[in-house]
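Peer 1: Here is how the chains run, residue by residue.
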Amino acid sequence: MNTGADTITVDRLTRRFGDFVAVDDLSFGVHQGEIFGFLGANGAGKSTTIRMLCGLLLPTSGTATVGGVDVRRDPEGVKRRIGYMSQKFSLYEQLTVDENIRFFAGIYGLSRAKFEERHRFVIEMAGLEGRGRSLTRDLPGGVRQRLALGCAILHEPPIVFLDEPTGGVDPLSRRRFWRLIDTLSAQGVTVLVTTHYMDEAEHCHRIAIMHAGRLAALGTTSELKGLFRGRSIVEIDTGNPVMAMRVLQDAPAVEKTSVFGTAVHAVLRHGDDDLAELRQRLTAAGLTVGAIAPVEPSLEDVFLDVMDRRAS
Amino acid sequence: MRMRAAVRRTLVLMWKELLELKRDPRLLNIVILAPVLQLLMLGYAATTDVRNVPMVVADADRSVASRQLIDRFNDSPYFTVTHVVTTVDQVDPDLTKGTAWMALSIPAGYGNHLGTGVPQTVQVIADGSDSNSATIALGNATALLAGYTKQLVAARSPAAAAAGFDARIRIWFNPRLESRDFMVPGVLALLLVVVTAIMSSMAIVREREIGTLEQLNVTPIGRGELIVGKLVPYAVLGLVDVVLVIAVALLWFQVPLRGSLALLFVLTLVYLLTALGLGLFVSTVSDTQQQAMMTAMFFFLMPMIYLSGFVFPIANMPRVIQWLTYLIPLRYYLVIVRGIFLKGVGLEALWPQAAALAVWGTAILGLAVARSTKRVR
Numbered sequence: 107m108n109t110g111a112d113t114i115t116v117d118r119l120t121r122r123f124g125d126f127v128a129v130d131d132l133s134f135g136v137h138q139g140e141i142f143g144f145l146g147a148n149g150a151g152k153s154t155t156i157r158m159l160c161g162l163l164l165p166t167s168g169t170a171t172v173g174g175v176d177v178r179r180d181p182e183g184v185k186r187r188i189g190y191m192s193q194k195f196s197l198y199e200q201l202t203v204d205e206n207i208r209f210f211a212g213i214y215g216l217s218r219a220k221f222e223e224r225h226r227f228v229i230e231m232a233g234l235e236g237r238g239r240s241l242t243r244d245l246p247g248g249v250r251q252r253l254a255l256g257c258a259i260l261h262e263p264p265i266v267f268l269d270e271p272t273g274g275v276d277p278l279s280r281r282r283f284w285r286l287i288d289t290l291s292a293q294g295v296t297v298l299v300t301t302h303y304m305d306e307a308e309h310c311h312r313i314a315i316m317h318a319g320r321l322a323a324l325g326t327t328s329e330l331k332g333l334f335r336g337r338s339i340v341e342i343d344t345g346n347p348v349m350a351m352r353v354l355q356d357a358p359a360v361e362k363t364s365v366f367g368t369a370v371h372a373v374l375r376h377g378d379d380d381l382a383e384l385r386q387r388l389t390a391a392g393l394t395v396g397a398i399a400p401v402e403p404s405l406e407d408v409f410l411d412v413m414d415r416r417a418s
Numbered sequence: 403m404r405m406r407a408a409v410r411r412t413l414v415l416m417w418k419e420l421l422e423l424k425r426d427p428r429l430l431n432i433v434i435l436a437p438v439l440q441l442l443m444l445g446y447a448a449t450t451d452v453r454n455v456p457m458v459v460a461d462a463d464r465s466v467a468s469r470q471l472i473d474r475f476n477d478s479p480y481f482t483v484t485h486v487v488t489t490v491d492q493v494d495p496d497l498t499k500g501t502a503w504m505a506l507s508i509p510a511g512y513g514n515h516l517g518t519g520v521p522q523t524v525q526v527i528a529d530g531s532d533s534n535s536a537t538i539a540l541g542n543a544t545a546l547l548a549g550y551t552k553q554l555v556a557a558r559s560p561a562a563a564a565a566g567f568d569a570r571i572r573i574w575f576n577p578r579l580e581s582r583d584f585m586v587p588g589v590l591a592l593l594l595v596v597v598t599a600i601m602s603s604m605a606i607v608r609e610r611e612i613g614t615l616e617q618l619n620v621t622p623i624g625r626g627e628l629i630v631g632k633l634v635p636y637a638v639l640g641l642v643d644v645v646l647v648i649a650v651a652l653l654w655f656q657v658p659l660r661g662s663l664a665l666l667f668v669l670t671l672v673y674l675l676t677a678l679g680l681g682l683f684v685s686t687v688s689d690t691q692q693q694a695m696m697t698a699m700f701f702f703l704m705p706m707i708y709l710s711g712f713v714f715p716i717a718n719m720p721r722v723i724q725w726l727t728y729l730i731p732l733r734y735y736l737v738i739v740r741g742i743f744l745k746g747v748g749l750e751a752l753w754p755q756a757a758a759l760a761v762w763g764t765a766i767l768g769l770a771v772a773r774s775t776k777r778v779r
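If you're matching them up, the sequences are chains V and Y in order.
Going from the first sequence to the numbering used here is simple: count from 1 and add 106.
Going from the second sequence to the numbering used here is simple: count from 1 and add 402.
Just chain V, same shape as in the assembly (with noise of 0.2 Å):
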């Protein structure tokens, strides 16, 4: 993926808002053509970062760089070479779909000839063949999402931000809306995105964690995994994942807990894999106990012990 230097850079970027600090001495790098993943709770303050690095908000101290463009210093020259879309689809509802499209196009200044081909593209990964003249709110969410990052790139920018970009929207859709921006990745363009869905973010080249404004965990998702190296996540079906829970939580080998779809996930300390003995205590507890057995970690179980670790 690292075709050389950096496409976007950050260092040390901070923003305040009064008293609070929304971004805190963040320091990151993205490579040309990367989908590079922002992950985190609400507020945790991705949306802040995005918004730096669109030109839309002043950082308070610390610098920014998008296709070697200083953030602070012309935001205007940033706004050139990007892509934006956010989580309401900022697409004019009263207007058709060809409207929509033909507007974004003349406020980015496509030639005719230009306009022509972009409109075919949009049309046709947005799957609007014959609907050009439909009034954009009467289109299905996922749809519009589409149509929506269609007229983000009419001009195709090397740089696209897309903050969470899938709410509200059907797993079809976004796994549909996923396919597109591998699409533009292969193709060279660079893809930052923030997401509160796991499945999402193992799409993504690279992650970054955030926590309370300041970067929590970055790397590859193997990278991110790595974090349980010497440790080990094992899964329990039981009938009742809460009492587990509380019961699993006095044993000496179990770090932490955590309720995954209708199991539990119990993190052991050092290789601790006594698994006879948690299944005697859950038993004792008058629990019924299926299967328990090793998993590999997902960037949930990481997420989870990133955010602990964090908070503790």
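A portion of the hints provided could be inaccurate.
What the hints assert, rightly or not - To spell it out: a stretch of chain Y is covered by chain V in this simulated footprint if at least three of its residues, at any positions, have a beta carbon under 8 Å from a beta carbon of chain V; those stretches are:
| no. | stretch |
| --- | --- |
| 1 | 418-429 |
| 2 | 605-618 |
| 3 | 710-717 |
If you're looking for bench data, these hints aren't it; they were derived computationally from the structure.
All values reported here derive from a predicted model rather than from experimental measurement.
Cβ coordinates follow ideal geometry from the N, Cα and C atoms, glycine included.
Since chain V is already given, all that's left is putting chain Y on it; use the hints.
Peer 2: Positioned in the frame of chain V, the structure of chain Y alone reads:
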């Protein structure tokens, strides 16, 4: 090249804005129905004429002469005698309940003494709770009585009547003293500012609410382009209103237009810019449409109505408040619109007002551009 790109972006924005307005179902109501209906209603309601004042008469005399006096009142357009009682204390209930605003008391012996040289006194009692109307009605009553007395004297001795001096009062510009001719242009001015300022106050804040403003903010569109692109479509709608409202004033209320229609249009356009600039400014400082509406209404439009001279004459206000009125664009436009309609004056008389409006409009538009959220915070 840069300029051409900016012009193109502005035009695209105007086109988009007009499309959205065209598809807004509220548009017809706000732009066409509301102003016309309001002008029709206010044109009739906003009148300071005091006519057909309900009157009760206490006639203790019951003579031919007293009945002549009562008829005199009843025949006047200003009074309507609702009923006649015999003693003066019988008028109380009518004045208290408000079924009569005014009472006339004619003493016993009025008819017999008339023409004998003994001065006769009739009493007029007015309900002063609405002091303005009461003053006007009393004035009308006094004038009526004076005229009647003069006529009686003249009938008896023409020489005596001719000896007095004869003051002839001539009223310029609105000779019939029709308050409607004065009020309708005022209502027109008021409606234009209310409709256009409220419409344009929604313009930018609506995009902020639905999130498209942020989308626009990451595009190369400049804030001047944003303001101009928003302003022009609303100015077009405002012009539609100008034509409609002037047409109603001329054709329905038959308010005389003594001055130049072209000048009226040009100066109205300048006035429109101040209203639109005001609305856009409110739009840039508000976070929600509701907030924009409230700000426009309470901080700008209400003071404008009270301080412009539309309701209360500026000359009667305390000095400090009078200074404040110089900040109110409606003040200048009222002079312009009434001047052109009623006095038929031209730019030679109205240029100070026109200049004030132009300065005001430029300033508020400049503020709106400066405050526009295209800026990076």
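Peer 1: Quick check: do three or more residues in the stretch 605-618 of chain Y have a beta carbon closer than 8 Å to a beta carbon of chain V?
Peer 2: n = 6 at 8 Å, threshold three: holds.
Peer 1: Please check whether the stretch 710-717 of chain Y has three or more residues whose CB lies within less than 8 Å of a CB on chain V.
Peer 2: violated (count 0)
Peer 1: So is the stretch 418-429 of chain Y in contact with chain V by the C-beta rule, three or more residues under 8 Å, or is the coverage claim wrong?
Peer 2: Holds: 5 residues of the stretch 418-429 of chain Y have a Cβ under 8 Å from chain V.
Checked against the numbered hints above, the structure violates only hint 3.
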